[in-house]
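Q: Here are the chains, one letter per residue:
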Amino acid sequence: MNDVSRAITYLNDPFNWTRPNGITDLALEHVGISAVAVLAAMVVALPVGVALGTARRGAGMVVVLSNVSRAVPTLALLTLFAVSPIGFGNRATTIALAVFAIPPILTNTFVGFRGVDAEVREAARGMGMSRAQVLGRVELPLALPLVATGIRTAAVQVVATAGLAALVGGGGLGRLINLGFGQQDYGVMIAGAILVAGLALLTELLLATLSWAVTPGPRRLPFLQVRTTPRAGSVPEPTASGVPL
Amino acid sequence: MTSLGTRPLLDAVSDPAVGLLAVDEAPNPWFDPSYVTDNWDSILTYTGEHVRLTVLAVVIGAAVALPLALLARRSRYLSAPVLGLSTVVYTIPSLALFALLVPFTGLSSNTVLIGLVAYSLVILVRNFLAGLQGVPADVREAARGMGLSAAQTFWRVDLPLALPAFMAGLRIATVSTVALTTVGVLVGHGGLGQLITGGFAANFYRAEIVTGAVGCVLLALLADVLLAGAERALTPWARAVRA
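Chains as they are written, first to last, in UniProt numbering: chain A, 1 to 245; chain B, 1 to 243.
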């Protein structure tokens, strides 16, 4: 318990937050890297997911991608980008995290758009909507819950994984854990762990609320939603809760 | 002890410029067969640790997850917190979880094992519960009507019907546990992850890093294929229907 109380003392010392390279700096770096990575992944994955989903093609490829990505250790990805010609530092970390965020966004976007009822689309076309209108006014709202879930999963994973970057020389809050471990100062280590975990939970909470707010239809808070029971013997959809961290 | 395995890492990290120079000067192939043959023994040792941690984590996880899933199916009031809690656990970064455990369990492989069990549990409970909930209620009622006891119903009705979902859960849990084990390098018990950070610390030696990374992926694929084979062997009726 001594280590825990030392961690609390560490977290309560304002100096540890405000000094250069203190908690505030590291947290901002952490959030910055994560945000850029998630945005980059969205730029790549959303159009591809929408295109494949509306065409209802490429299911095999998406499943394979989401499964393989689960098997690749993120630590390996982070390290490989750092020793590639991209070089070491936050750029390599950001690219690795973006690569890692693509599968969950792509998979969920694909599944979301593919799941739109064909008759609904046909009806919208029959009412004289253009392709773009069908996409924006019919398919997007219907697919939005799954798309939002995908982005949320990816974002939480990225925030969590950005902590690993410190193991291979990157920045962010993981550096506190590494530092505490290197100095055998478990107080700092626990403080870092609490901060990283807290940031990940905060991201989840924030994005869950956000996706709830933008999703049309009956407004029920995520934790109050009724769960539909799956059919017997059905294999879970490839909506990848994804590679953890 | 092995904790020192991560120390050089910090030194290499503190002075990136030196490391970068070294990368440019020395020949640094992405893959080097002679590295693999020269270090075969240590690679085998790390692979062994990796496999041991993964198998133990999934087996313990499954042993704990099954009763939890059975309990959660009994009542809605239990299933909501079980699923909610599993979401929360999944959100906690592995590095943070291992770091939180270190002061209590030390630099042993138990630290890694406890963390891995927690994550595999999350996946397994969800899939087990989904499988059990997918068993049609009228089928279970028919089983009861035929005079099967609760245990008999479980073994002869629930288990076979939920088996595909169980196996899907086991496969996901195993594959992601293989990937997660690498994070154990924090306490010096990361299996093949040791090679990844070891190569990083040794002047960014690419051959070692790639060997570790490729080893992990191969291990995950092998485990997946084995479990898929087991599923096929355990569910002969699925093939009979299709044929």
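Everything labelled a hint here was simulated from the structure, so no lab data went into it. Just so it is clear, the structure is predicted and the values come from calculations on it, not from any experiment. Treat the hints with care, as some may be off.
[Unchecked claim] Now the stretches of chain A that chain B is said to cover, found in silico as 3 or more residues with beta-carbon under 8 angstroms:
{"id": "1", "segment": "9–17"}
{"id": "2", "segment": "64–76"}
{"id": "3", "segment": "123–130"}
{"id": "4", "segment": "151–164"}
{"id": "5", "segment": "185–192"}
Every residue, glycine too, gets a C-beta built ideally from N, C-alpha and C.
Q: A separate judgement is required for each hint: does it hold in the structure or not?
A: So, going through the hints one by one against the coordinates:
1. 9–17: As far as the segment 9–17 of chain A goes, the hint is violated, because 0 residues have Cβ atoms under 8 angstroms from chain B.
2. 64–76: holds (count 9)
3. 123–130: With 0 residues in contact (Cβ-Cβ under 8 angstroms with chain B), the coverage given for the segment 123–130 of chain A is violated.
4. 151–164: Since three or more residues must qualify, the claim that chain B covers the segment 151–164 of chain A holds, with 6 doing so at under 8 angstroms.
5. 185–192: Our answer is that it holds, as 4 residues pass the Cβ test (under 8 angstroms) against chain B, meeting three.
Violated hints, in rising order: 1, 3; the structure is consistent with all others.
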